[in-house]
Each structure stands twice: as C-alpha cells, then as structure tokens.
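Participant: Sequence:
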Amino acid sequence: MPRPAAWIAVVGGGEAEPDALEAAETAGAAIAAAGAILVCGGLGGVMEAACRGARSKLGTTVGILPGTRRDDANGWVTIALPTGLGEGRNALVARSADALVAIGGGWGTLSEIAFARKLGKPVTGIATWELARDGRPVDGVVAAGDAAGAVRWALEQAGHVRQDSTD
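Its first residue numbered 9, the sequence shown is counted upward by one per residue in this note's numbering.
By construction, these hints were calculated from the structure, which means they are not laboratory data.
Built from N, CA and C at the ideal position, the CB exists for glycine as well.
Check each hint, because a few of them may be wrong.
Said to hold, decoys possible - Ranges of calculated distance between the beta carbons of each label pair, as one might list FRET restraints:
1) 23 to 138: 14 to 22 Å
2) 154 to 87: 26 to 34 Å
3) 143 to 43: 37 to 45 Å
Go ahead and model the full structure; you've got the sequences and the hints to work with.
Facilitator: Here you go:
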C-alpha cells in the first residue's frame, strides 16, 4: 500500500516583504514537487505565494480559513475549509500538518509555531521567530538557509521523503 502524502504547512504573514513571498513560492513548489500536500491559512501574503508555487507544480493546496466563506480563500487554494474560528484556526493548521515551514510572520505565525511545538511537530523557519526562555535559546524552530532546504528538512522530519527510483 502506498504511503500517504505528507502534509507540510507553510505559515507566515498575510502581508510580507518580497523576499518572504519569493521564499514561500519556492517552498510551495518544492512541497508539490515532492508529492506532498501544502496546508496553510488560505489567505494572502506568504500563504498565497506558497499556494501559487504549489499549483505551479500541479500540487494540492489546503486552506484552513478563519472565516465562514470558502470564497475568502486565495485563488490558488484547491481545498478551502472555512472554520469560523478566527485566529483559532491556527491550531488546526498546526494539527493537520506533519511539519511546518515558517517564513517571516507576526503574532499569528508565532501562535502556529507554538501550537506545532506543543503538539510535538517539527518546525523549520526562514527569517522567522527565534524562541528563548529566561534569555536562553530553547528548541523550537530549526533555522533554514533557504526554502528548498527548509522543505527538504520538513519532509525528512515528517518521515515522507520521496525517493525516485533509478531502476
């Protein structure tokens, strides 16, 4: 029986700088190219760029929306799940993913990172939150040098590395 596809979340700001958007689009494309499913909050910014990248490789994108209308999803979401939970939907993004890639982001992104870590999910990030307690770094977000490396690490941590046959 084939292994189910990995679900990799890309989280980040609804408004983002061009370098974050470029990283998100690259991450989305890499997720789809690996045969994984991209999950996100389904709106704009980093979420939209990641979905656009995944769709460019004909990937599946799942948007877990804060509101009650599927129409609120960005145009690159293939499966829109309206929750009516507002920011509480961040817990569902973290819960549904096998691993998270955080790109930049603000308080909402931090909440997704925190939920993921509380659930024992691996998190990697690009120019995102660094976690500390009492002034000392704590395990939480593994820094990635670039989007492709972040996705590769997330897939490895999720145990869903697709190996192409050379036969």
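Participant: Against this structure, judge whether each hint is valid.
Facilitator: Tested hints:
1. 23 to 138: 14 to 22 Å: holds (21 Å)
2. 154 to 87: 26 to 34 Å: Holds, at about 28 Å.
3. 143 to 43: 37 to 45 Å: This hint holds: roughly 42 Å between Cβ atoms.
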